[in-house]
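Enquirer: Okay, here's what each chain looks like letter by letter:
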Amino acid sequence: MAPSFLLLLLLLPLAGTLLLPLLPGADPVRVRSLAALAAAGQLLVGLLCWRQAPADLHLPWVPKLGLELELGLDGLSLPLVLLTALLTLVAILSAPADQSRPRLFFSLMLATNLGVMGAFLARNALLFVLAFELVLIPTTLLVAIWGRERRAGAAIRFLLFGAVSGLSLLAGVLAFGWLNAKGLGFGFDDLAQADLSPSAQRWILALLLLGFGLKLPIVPLHGWQPLTYGQAPTPVVMLLGGAVSKLGAYGLLRFGVGFLPDTWAAWSPWIAAAGALSAVYGALNAIAQSDIRRLMAYSSLGHMGLLVLALAAATPLSLQGAVAQILAHGLIVALLFACVGLIERRTGTTSIPELSGLLNPLRGLPFTLGMLLLALMAAAGIPGLAGFPAELLVFEGSWTVFPRATLVSLIASGFTAVYAVRLFNRVGFGRLDNDRAHWQSTRWSERAPALLLTLLVIGAGLWPTALTGWSEATTRSLALRSQPFLYASAPLTTAALTATPLTTVAVAPELLPS
Amino acid sequence: MTTPIAPVAEPTTTPLIPPSQHRWAEVIHRLEAGGSMLPDTPENLMQIIGIYKAYAVPMDFYWRDLLYIAEQVFLDPLPAFKYFPSQEYLDLPNSYAGDQSQLRIWRGGEKAHPELLEFMAKGETTQMPKLLHHLWHDRINMEFAEACMQAMLWHQNMGGRFNDYLASDAYRNNADRAIKAYFKRNPVMLGLYKLFPEMFLEKVKQLSYTANLGLFWEVMAPVFFEMSDIYDEGGFKGVPDAMDFLVNGIFAVAGRPIYHHAFIDGECFEIIPKSEGFTWLYEAALPYVEAVFYRTSPFRGTKSYNAQAGQVPADQADFHYGILYADVFPVGSAGIPPTLLMQDMLHFLPSYLKELYRKHERGEEDQLIQLGVTFQRSMYNVTSAVIQALRAALLYPLDDTDPEHLLANRRFFEAQMDRFLRPEARLGAIQSQDYR
Amino acid sequence: MATILETAQAAGCFSTLLTAVEVAGLRSALEGPGPFTVFAPVDDAFAALPPGTVQTLVDNPPQLARILKYHVLSGACLRADLTTQPEWTSLEGAPVAIRRSEPFEVKNSTVVQADIVCDNGIVHVINRVILPG
Chain U
1 MAPSFLLLLL LLPLAGTLLL PLLPGADPVR VRSLAALAAA GQLLVGLLCW RQAPADLHLP
61 WVPKLGLELE LGLDGLSLPL VLLTALLTLV AILSAPADQS RPRLFFSLML ATNLGVMGAF
121 LARNALLFVL AFELVLIPTT LLVAIWGRER RAGAAIRFLL FGAVSGLSLL AGVLAFGWLN
181 AKGLGFGFDD LAQADLSPSA QRWILALLLL GFGLKLPIVP LHGWQPLTYG QAPTPVVMLL
241 GGAVSKLGAY GLLRFGVGFL PDTWAAWSPW IAAAGALSAV YGALNAIAQS DIRRLMAYSS
301 LGHMGLLVLA LAAATPLSLQ GAVAQILAHG LIVALLFACV GLIERRTGTT SIPELSGLLN
361 PLRGLPFTLG MLLLALMAAA GIPGLAGFPA ELLVFEGSWT VFPRATLVSL IASGFTAVYA
421 VRLFNRVGFG RLDNDRAHWQ STRWSERAPA LLLTLLVIGA GLWPTALTGW SEATTRSLAL
481 RSQPFLYASA PLTTAALTAT PLTTVAVAPE LLPS
Chain C
1 MTTPIAPVAE PTTTPLIPPS QHRWAEVIHR LEAGGSMLPD TPENLMQIIG IYKAYAVPMD
61 FYWRDLLYIA EQVFLDPLPA FKYFPSQEYL DLPNSYAGDQ SQLRIWRGGE KAHPELLEFM
121 AKGETTQMPK LLHHLWHDRI NMEFAEACMQ AMLWHQNMGG RFNDYLASDA YRNNADRAIK
181 AYFKRNPVML GLYKLFPEMF LEKVKQLSYT ANLGLFWEVM APVFFEMSDI YDEGGFKGVP
241 DAMDFLVNGI FAVAGRPIYH HAFIDGECFE IIPKSEGFTW LYEAALPYVE AVFYRTSPFR
301 GTKSYNAQAG QVPADQADFH YGILYADVFP VGSAGIPPTL LMQDMLHFLP SYLKELYRKH
361 ERGEEDQLIQ LGVTFQRSMY NVTSAVIQAL RAALLYPLDD TDPEHLLANR RFFEAQMDRF
421 LRPEARLGAI QSQDYR
Chain A
1 MATILETAQA AGCFSTLLTA VEVAGLRSAL EGPGPFTVFA PVDDAFAALP PGTVQTLVDN
61 PPQLARILKY HVLSGACLRA DLTTQPEWTS LEGAPVAIRR SEPFEVKNST VVQADIVCDN
121 GIVHVINRVI LPG
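Protein chains in written order, with this note's numbering: chain U, 1 to 514; chain C, 1 to 436; chain A, 1 to 133.
Any given hint could turn out to be false.
Claimed, not checked - Once the Cα atoms are required to be at most 30 angstroms apart in a straight line, the calculated BS3-like pairs of lysine-lysine come out as:
no.	chain 1	residue 1	chain 2	residue 2
1	C	LYS203	C	LYS184
2	A	LYS69	C	LYS274
3	C	LYS111	C	LYS184
4	C	LYS194	C	LYS82
5	A	LYS69	C	LYS205
6	C	LYS359	C	LYS111
FYI, nobody ran anything at the bench for these hints, they're computed from the structure. As the structure is a prediction and not an experimental result, all values here were calculated from the model.
Please work from the sequences and hints to get the whole structure.
Expert: Written as structure tokens, this is what we have:
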């Protein structure tokens, strides 16, 4: 397939970003439909690229700086591209029908999509940085303009953390290119074969860890996250938590594990420790929260911890787990916030003490709460839902390398059930407030985005290959450590795994671009 | 949308006693002026009459089946078919309706109501054998009626002599004869009776309350039908009219005997004979109102109560889980008796109520709750009627000129309103039309 | 002197009460030696009850007897005796309250004529049917 399809993936949101503000009417529903159309088109193109892989695109842009428009899809970026397109579509559809200033809002949503998409498609580090930086502008504006009461503080903090993240990333990438003994070059191929002194590698990895760690985020770099997730409008959080934060995960995998394997391996115990710490810290904080959004922010933090643990371990299985976790968490966090958004739209609050009895069959929000329950169960790693294969792979893949950190994360993951049950018990059961419960039930058009995510969460749980099959080959090639007992001793042990790495081998070629 | 609360009738002359300082002073003054606890608005009138009608139809089934259970099913150890009253009981002429009745003040016919028969034949689904209707739960929910009976059985001491009689030797002997006669061909059950006589006696007591409730509702059904008819003819001017109609009804049948007869092989066993002098008012109506409107017991499945933390009163008299206190919103949840009643009434709503519900809240989606709230309003009106009837029977006319008499009335009303001081009471909520 | 029932008969304003006593089968009892104290509601008192009330009771003698017995105390009690005690137990079993001595009030009725002494007891004429509870 022609490489222009890759360009189309970027042109669609770009066109949307530029054209939406020029629309004559400001009917929110119409603007939303147009924005959704752009996102849907992008998703469609993404799916086409999956069925038939397009060749890489290579256009010189500013050659003097080493900046080239190099786009490509591999097993790592393809699932993320699809996830981003899907979540953008779902997030846009989750916006209320009376969205204020719709043209600007949806334009910025598509601009965010453009940045994230560009970063995932980039085969050039500078292009990646550029796209990465681009994301910051629309997201900050989205938080600052449409956020809740404390949006100003949230936006400023988000911007500061984001700017530091971007700058350290830029510094890291520039250093990478400049210090490369083989000559200046920012293409991924150049970086992959770079020749760097060990101390340069350490400095660069430190900068990259800071940059991507802030984006994920990971303890102790998470300062912006609870506030932003608490204040940003729901569609924005869905995009932030589901797609934008995955830039960090992708970056760590691509740059850290991929381009700086030696230093990564050397530092991985510390990275694993940070992951485990995040998992525990996120889970414990989630238990203590009295606001659903903040609870979910901390929950998300905890799950990012698992992801980092898997990246640190860097075994074939754990890297597959990391990719699976990226996808599963993207779906789950988007679903969680879609449900929270519906609850907030109806009840006007996300404060846990103020809510109860929402499972009430006639006057509550039983459908939404049903989906919320499913999402919480998925987050808690209940088998049959998307969270389970991802977490199983993460733990299975990591424990041979970092048994202690894995054990700690495992326990932290158990806490997920604690806050999930606690949240659901408070919000779902109990007495429905007679004075407040006069809202209407959710309409199917409002439920549709969440319902789509629900089906995907169930589908990915029943057919985990959907989470792992994409990148099985890529992650195996990236793996820094082997797991002899898993891969050498033939089908016996592997066949027992629910995640079915053996079967994916058969499926993978189909999923992978040739 | 706020509907103004009906103003308290302004006394034209200087009042003989100072205004009440009670928290529900507004309601008390309304009661003293001959009003109801429910504000007098056209919508309230429409709501309560409509729901009386919807209540009366299933009630016409309840009382027939309750009597069938108490008199015919009796101690059947496997009463799988107790909700299938025989044709004889479906045709049983109502003692207070129809031309054969002793007291012809309500116009309805003595037979089962046509809407009831139609529903029994078709249900929500379609014509099919009644066993299938039963299993599909497309039927009148007798479980609700039994829950009311159990509330009466369980709370027991609520005035009247009924419960004392159940503890007497005379009752024990009557029950003993009936039990032995019922199981005369069943040595196993007779043996069990020898071993556990109290268990069988307790069961008969439950059946006596079943008869009691059946006889109570036999009267209420024609009263409610009559009210609906009068309203349809444009009869009632306001909520107080509807209440006064109920007060008169209560007096008219106050002396109706309450008894428990069991028919075993065609022979009538008078377990509680009519000659004991038990009356509808003292032994059925007042205990019913107390047990069902005020007390009942917490329903399973809606809220957890921790008895050790004092969340359930230690004293049964302080129980406050009846319709006057009920949170109607959980209606629709599984396993709570009011859901069953609301479901029953839903089938017989007059068109004007359906129309009303369609216009509010979630329209048809949450009709069960809306009609539950309506039911709550209507039961506040019935309770008002009971309070006014008691006031008329035991105290003084509202237009009495003796200040001491008026103060006695005031104390009585205030004592009644004290029961609505607890936060669960819905008296405050029903003052506003916004509570739906 | 006459018996309680004869006195009532002679007074002419107790026809409902007398019929009720007849129907309830209490006649022979009230003609017995007693002595009784009877609170006798006048015809107007019965007429003041809502329609149907009396008829239902008349249709059901045991229930009627119960209400009538509430109007009777055993023993002959003059007004002066009655006011010494706030409550008296009626033949029905429920207490009858003496609410006020001046004007003389029994339960929620006012005694229009007290202390009519008869052979087998004393009659107090009251203006309202009293009910237990």
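Enquirer: Look at each hint and say if it fits the structure.
Expert: Hints, one by one, checked against the model:
1. LYS203/C - LYS184/C: With a Cα-Cα distance of about 17 angstroms, the restraint between LYS203/C and LYS184/C holds, given a limit of 30 angstroms.
2. LYS69/A - LYS274/C: holds, 17 angstroms
3. LYS111/C - LYS184/C: violated, 34 angstroms
4. LYS194/C - LYS82/C: It holds: about 25 angstroms lies between the C-alpha atoms, which stays within 30 angstroms.
5. LYS69/A - LYS205/C: Holds. LYS69/A to LYS205/C sits at ~27 angstroms (cutoff 30 angstroms).
6. LYS359/C - LYS111/C: violated, 35 angstroms
Going through the hint list in order, the structure does not satisfy hints 3, 6.
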